[in-house]
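Visitor: Sequence:
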Amino acid sequence: MRLPNTAFTERPWRIHEFIKDFEVEDVWDLDTPGGPDDLALLVKQFSGDGSEFNPSRMYKLLFAIRWRLGAILKWDGAEHGVGPRNPSLRDRLPDDLREGPRGPDLRTVPMKSVYQTSDEWATEVVNKTVHAVMHIGWVDDGNGGHHAQMAVLVKKKGLLGKVYMPLILPFRRVFVTPNLVKTIGRHWNARTAG
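Numbering (the working numbering), first residue to last: 1 to 194.
Note that these hints are calculated values from the structure, not bench results. The structure presented is a predicted model; accordingly, all values stated were derived computationally and were not measured. Treat the hints with caution; some may be incorrect.
Computed beta-carbon distance windows for the label pairs [to be verified]: (1) ILE65 x ARG98: 33 to 41 Å; (2) ILE65 x GLY144: 36 to 44 Å; (3) GLY144 x ARG98: 27 to 35 Å; (4) ARG92 x ILE65: 28 to 36 Å; (5) GLU79 x LEU41: 12 to 20 Å; (6) PRO101 x HIS16: 28 to 36 Å; (7) GLY144 x TRP67: 37 to 45 Å; (8) LYS74 x PRO101: 31 to 39 Å; (9) LYS74 x PRO36: 41 to 49 Å; (10) ALA193 x LEU159: 45 to 53 Å; (11) LEU159 x GLU99: 17 to 25 Å; (12) GLY34 x PRO12: 19 to 27 Å; (13) LEU159 x ASP37: 25 to 33 Å.
Derived DSS-like pairs (lysine-lysine); straight-line CA-CA distance at most 30 Å [as the list claims (entries may be wrong)]: (14) LYS155 x LYS182; (15) LYS44 x LYS182; (16) LYS156 x LYS60; (17) LYS155 x LYS44; (18) LYS44 x LYS162; (19) LYS74 x LYS112; (20) LYS74 x LYS162; (21) LYS74 x LYS157; (22) LYS60 x LYS155; (23) LYS74 x LYS128; (24) LYS128 x LYS182.
Ideal Cβ placement from N, Cα and C applies to all residues, glycine included.
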């Protein structure tokens, strides 16, 4: 399910225009078979009331630990979020993307939507450790179908981010992201089967 970074970097996504200072953390293939215009349905699944996207207990537990740790260490305060000291990616958007649909914010994690097109959706979160972006791209599989790929992009903030991000990478790659990818596919396929 995990793909080489080139699966993201070699595609002509619009996001490449304004994320040159971000690193590609990893890229994942999502089990979301669909038609050419189905990205909007997947975005709705992510941002729904919980019935469309209900992550597993493991996913919820790991994020609960992270948010609790962030509260104790004061990593997630408003002063570390999007604002004058930490501009949103929206501030970098070309006019056509800024004036186009923004897309919905996520409900299960505090990620804010940056932009949405027919084949791309980007969300962001900013805290004391990182400015992170989740990019969902809707790709043609070459056989008449389409599906999503998810890229995680990061800009580490200070020494804390440079230490914290490599420290959690094994947990993300072994537990968090695979669990998220399975949940996305399970909910997508249950929706399309019903």
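Visitor: The structure should be examined with respect to each hint, and the outcome stated for every one.
Guide: Structure-based check of all given hints:
no. : hint                        : in the structure
1   : ILE65 x ARG98: 33 to 41 Å   : holds (36 Å)
2   : ILE65 x GLY144: 36 to 44 Å  : holds (42 Å)
3   : GLY144 x ARG98: 27 to 35 Å  : holds (33 Å)
4   : ARG92 x ILE65: 28 to 36 Å   : holds (32 Å)
5   : GLU79 x LEU41: 12 to 20 Å   : violated (37 Å)
6   : PRO101 x HIS16: 28 to 36 Å  : violated (19 Å)
7   : GLY144 x TRP67: 37 to 45 Å  : holds (42 Å)
8   : LYS74 x PRO101: 31 to 39 Å  : holds (34 Å)
9   : LYS74 x PRO36: 41 to 49 Å   : holds (45 Å)
10  : ALA193 x LEU159: 45 to 53 Å : holds (48 Å)
11  : LEU159 x GLU99: 17 to 25 Å  : violated (38 Å)
12  : GLY34 x PRO12: 19 to 27 Å   : holds (20 Å)
13  : LEU159 x ASP37: 25 to 33 Å  : violated (45 Å)
14  : LYS155 x LYS182             : holds (26 Å)
15  : LYS44 x LYS182              : holds (17 Å)
16  : LYS156 x LYS60              : holds (24 Å)
17  : LYS155 x LYS44              : holds (27 Å)
18  : LYS44 x LYS162              : violated (33 Å)
19  : LYS74 x LYS112              : holds (20 Å)
20  : LYS74 x LYS162              : holds (17 Å)
21  : LYS74 x LYS157              : holds (14 Å)
22  : LYS60 x LYS155              : holds (24 Å)
23  : LYS74 x LYS128              : holds (8 Å)
24  : LYS128 x LYS182             : holds (29 Å)
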